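Put the two chains together into one complex; each comes in its own frame, and the hints tell you how they fit.
Spelled out, the chains give:
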Amino acid sequence: DTEVTQTPKHLVMGMTNKKSLKCEQHMGHRAMYWYKQKAKKPPELMFVYSYEKLSINESVPSRFSPECPNSSLLNLHLHALQPEDSALYLCASSQGTSGFPPFFGPGTRLTVL
Amino acid sequence: AQSVSQHNHHVILSEAASLELGCNYSYGGTVNLFWYVQYPGQHLQLLLKYFSGDPLVKGIKGFEAEFIKSKFSFNLRKPSVQWSDTAEYFCAVNAPTGKLIFGQGTTLQVKP
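Sequences listed follow chains X and B, in order.
Just so we're aligned: 91 in the working numbering is position 91 of the first sequence, and the numbers increase by one with no gaps anywhere.
Remember, the working numbering sits 1000 above the position in the second sequence when you count from 1.
So that you can see chain B by itself, here it is in the shape it has in the complex (with noise of 0.2 angstroms):
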């Protein structure tokens, strides 16, 4: 079955700190893969994607993610969090089935 394991539950760290976040994904096809935000009492939005092509990806708000195919893995990087970064971080895997399948997710919260 596939699955989404994301290793950092909850990060605290102080402004400017650099952040990275890890998820790894377990399926062997093709696969589309995600990093969603959801900010304290807002909805989930989407921060950034990828499809194929560039394994570096960027996306909004300064974040940006790298694919690595050997690895499984699709992890999350900020060169320096800001106090308005604290919000829920969800990895998500979308398999050809249509089924998305979100990690577990990870609270980070920024220290001013």
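Here chain X stands alone, though its shape is the one from the complex (with noise of 0.2 angstroms):
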């Protein structure tokens, strides 16, 4: 298996909704990593994980709340979200965090209302 799903696709939400994005991985790859992205820009990196233990918050705010459970999951909780935060929600994995290229999975779709 070399590839890093996620779900949901597509996920709708109002700002006072909570709901949780999630990421799978059966590689043996012990970093994970979030990632946003706006149309046509770069991802941009939010949060790093390393054997399990958050090593990288990219000063997200706390409205999003990463929670890796084991070595193959990756959740990200999303609370009172704004409009804003409307974009495409990429996970990654590689095997380690220095020198090792991330794969990337499809993404979930995200539209705050």
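Mixed in with the good hints, there may be bad ones.
What the hints assert, rightly or not - Okay, the calculated beta carbon distance ranges per label pair:
hint : chain 1 : residue 1 : chain 2 : residue 2 : range
1    : X       : H77       : B       : E1066     : 16 to 26 angstroms
2    : B       : W1083     : X       : T16       : 43 to 53 angstroms
3    : B       : I1068     : X       : L73       : 32 to 42 angstroms
If you are wondering where the hints come from, they were derived from the structure by calculation, not from laboratory data.
In this text, all values refer to a predicted model and were calculated from it rather than measured experimentally.
Heads up, the beta-carbon is just placed ideally off N, CA and C, and yes, glycines get one too.
Below, the structure written as structure tokens:
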């Protein structure tokens, strides 16, 4: 299995909702990432997990809460989002954080109303 | 701060034309360099990577890139593009901090 899967593919939520994005990989990778991508823009790093521990938080607002339940799973919990948070949220994984290219999932297209 | 600069924002070519996309990075230490491609409606895929050794690296689909350390550059090339190469291309640098920094991207449009 050489892919990163993400669910759901699309998500529409109101500003008062709580939702979660899920990501899974079975490549034995020990680093996992969340990125945010706006249309026609490069991905922006949000969080990095290394060996199931949060190693980088790029000053992301607390309305985004990551969780790494085990080495194969990565969640992003969403609460009280703003319309400007609408974007494609990408999960990625790699063998390690230094020198290993991340493999990206297809993303979750999030719309906040 | 580390940064990646892609000079060409939008490139339009005819099929069979040669392609070169520029990428420069600013980081003085050891870096790993990548080119990713994002085809319309698809997810980011790794085209090629440079870690060390031969500065000319070959990737998938006939792409290659040359690392020139003195110029802090990692330009992407393809001798003859096809319509199916129409996509967004991102250069990226992976610093030892673990961060993968992307350039702004280049939209390549290949006319049949």
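Hint by hint, here is what the structure shows:
{"no.": "1", "hint": "X/H77 <-> B/E1066: 16 to 26 angstroms", "in the structure": "violated, 43 angstroms"}
{"no.": "2", "hint": "B/W1083 <-> X/T16: 43 to 53 angstroms", "in the structure": "holds, 46 angstroms"}
{"no.": "3", "hint": "B/I1068 <-> X/L73: 32 to 42 angstroms", "in the structure": "holds, 41 angstroms"}
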